[in-house]
Amino acid sequence: MSSSDQGEGLGVLDSEERERFEQLVLPHLDAAFNLARWLLRGRADAEDVAQESMLRAYRFFNGFHGGDARAWLLQIVRNTCYTWLEKNRPMEMKTQFDEELHSQPASNPESLAIASDNRERLTRALETLPARFREVLVLRELEGCSYKEIAAITAIPIGTVMSALSRARQRLQQTLTQDAPQEASREL
Amino acid sequence: MSCEHSHTVLHGYLDGELDAARASEFERHLESCPECLAALEAQETLRSALQRAQLYEAAPVALRRKIRASLPAAVPDAFGLRWASMRWIALAVTAFLVAFVGWRMASNFNEKKQYQAAEMIDAHLRSLQSGHLTDVTSTDQHTVKPWFDGKLDFSPPVRDFANDGFPLQGGRLDVLHGRTIAALVYGRRKHVVNVFVWPTSERDVAPGSGSQLGYQWVDWRKGGMEFCAISDTSTTDLDQLQRLISQ
Numbered sequence: 001m002s003s004s005d006q007g008e009g010l011g012v013l014d015s016e017e018r019e020r021f022e023q024l025v026l027p028h029l030d031a032a033f034n035l036a037r038w039l040l041r042g043r044a045d046a047e048d049v050a051q052e053s054m055l056r057a058y059r060f061f062n063g064f065h066g067g068d069a070r071a072w073l074l075q076i077v078r079n080t081c082y083t084w085l086e087k088n089r090p091m092e093m094k095t096q097f098d099e100e101l102h103s104q105p106a107s108n109p110e111s112l113a114i115a116s117d118n119r120e121r122l123t124r125a126l127e128t129l130p131a132r133f134r135e136v137l138v139l140r141e142l143e144g145c146s147y148k149e150i151a152a153i154t155a156i157p158i159g160t161v162m163s164a165l166s167r168a169r170q171r172l173q174q175t176l177t178q179d180a181p182q183e184a185s186r187e188l
Numbered sequence: 001m002s003c004e005h006s007h008t009v010l011h012g013y014l015d016g017e018l019d020a021a022r023a024s025e026f027e028r029h030l031e032s033c034p035e036c037l038a039a040l041e042a043q044e045t046l047r048s049a050l051q052r053a054q055l056y057e058a059a060p061v062a063l064r065r066k067i068r069a070s071l072p073a074a075v076p077d078a079f080g081l082r083w084a085s086m087r088w089i090a091l092a093v094t095a096f097l098v099a100f101v102g103w104r105m106a107s108n109f110n111e112k113k114q115y116q117a118a119e120m121i122d123a124h125l126r127s128l129q130s131g132h133l134t135d136v137t138s139t140d141q142h143t144v145k146p147w148f149d150g151k152l153d154f155s156p157p158v159r160d161f162a163n164d165g166f167p168l169q170g171g172r173l174d175v176l177h178g179r180t181i182a183a184l185v186y187g188r189r190k191h192v193v194n195v196f197v198w199p200t201s202e203r204d205v206a207p208g209s210g211s212q213l214g215y216q217w218v219d220w221r222k223g224g225m226e227f228c229a230i231s232d233t234s235t236t237d238l239d240q241l242q243r244l245i246s247q
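Protein sequences, first through last, are from chains A and B. The C-terminal residue of the first sequence carries number 188 in the working numbering, and the numbering is unbroken. The C-terminal residue of the second sequence carries number 247 in the working numbering, and the numbering is unbroken.
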């Protein structure tokens, strides 16, 4: 593989590297779209951001030195999503940082089973979680990422992935089992 | 809930991310901690609900096309393929020949696995719909094994591992790439594990594992049979079952 270090900007990749990009990165478009869809909570915005992320990945591809291409791309997608959110929904970003658990989730498996047996309700519950919780759940449960990959994508230390998932899951469980799922992100 | 394990280690265990020593330590803890046991059950319920709901949203086809078109000069032709230089063609031909003549190289096997994994997950999901799990329901290997006779052109190894925590629940016929294969169904706590078995003429391959959409699988080839164990239980569990089957 020849290295191209002719500065930055679109179009500097030579044809071999373009080929490599298409083989390594483009196939992860579904993963990119799915993460963006859940972080932005909408398909239309996710399309824009997924496309922008792909172009950024293309631009920065010279900086990708092998390894996990999906994690590398998802890292870019995540950053692009947060930049987009800060710009377009600044209020949301502020309230999203309320990460405290206000009470422990009731561990009643039956009511949980009933509450979670509904796609719409699950979607709503997941969408009401703070973005930091939502992203680890989406990466783990939908994308099947390992802790190592989650740490790389979200830039949190690998040692804290487990507790981040723990808090996210408890929060989801709590959101599902309470009566009004819409109100979950407010004070309980 | 006050047991601190239920907030931390339990999740590593659920995700198959603990090393063997910590996993068995937690399993010992589970035996004496009803809180953690209930919490684990709740988390497993939540996980299977998330999986059943199929929340993964794939990119629209139009977006894929749009992106390909917007990459500067990356994709000139209609099929999205570009052989930029003769070197690439030579490389591709060489790779193809190597793969073909010299059995399968590891990476090739992995690619095939990815492809197969999606089918395995589909087959696993189909089996969980009511009434599809087993064609022959029995915990007795001497009932399940003969049931396959005459229905398959090979004889899958059927054994019960109830003593090791994997009770045999029965068997079923399934179809992969148009050929009929055997599916053995095992229980693991409240999870269902499907073990798909079919004959192969290729050489043995050590177990490899993967994970997609929250499902874990372990696949391997041994003694002319290809195996794929798939479940939403932890990879640690699947590794253990793999060892039992391979004994």
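Honestly, I wouldn't trust all of these hints.
One-sided excerpt, in silico: chain B residues whose CB lies under 7 Å from chain A [claimed, not checked]:
hint : residue
1    : H7
2    : P34
3    : A59
4    : V136
Coverage of chain A stretches by chain B, computed from C-beta distances (three or more under 8 Å per stretch; other residues unrestricted) [claimed, not checked]:
hint : stretch
5    : 59-68
6    : 72-84
7    : 120-133
Hints are computed from structural coordinates only; laboratory data are not their basis. Values in this document were obtained by computation on a predicted structure and should not be read as measured data. Built from N, CA and C at the ideal position, the CB exists for glycine as well.
Original post:
Are A59/B and chain A close enough, Cβ to Cβ, to be under 7 Å, as the hint says?
Top reply: 4 Å, holds
Original post:
Close enough to count: is the Cβ of P34/B nearer than 7 Å to one in chain A?
Top reply: Since the shortest Cβ distance to chain A is 10 Å, the answer is violated.
Original post:
For the stretch 120-133 of chain A, does the count of residues with a C-beta closer than 8 Å to a C-beta of chain B reach 3?
Top reply: holds (count 3)
Subject >> Whether chain B covers the stretch 72-84 of chain A (at least 3 residues having a Cβ closer than 8 Å to its Cβ atoms) >> reply: Violated: only 0 residues of the stretch 72-84 of chain A have a Cβ under 8 Å from chain B.
Original post:
Does the CB of V136/B sit less than 7 Å away from some CB of chain A?
Top reply: 29 Å, violated
Original post:
Are three or more residues of the stretch 59-68 of chain A within 8 Å, CB to CB, of chain B?
Top reply: As far as the stretch 59-68 of chain A goes, the hint is violated, because 0 residues have Cβ atoms under 8 Å from chain B.
**OP:** Using 7 Å as the Cβ threshold, decide whether H7/B counts as touching chain A.
**Re:** 5 Å, holds
Comparing the model with each numbered hint stated earlier shows that hints 2, 4, 5, 6 do not hold.
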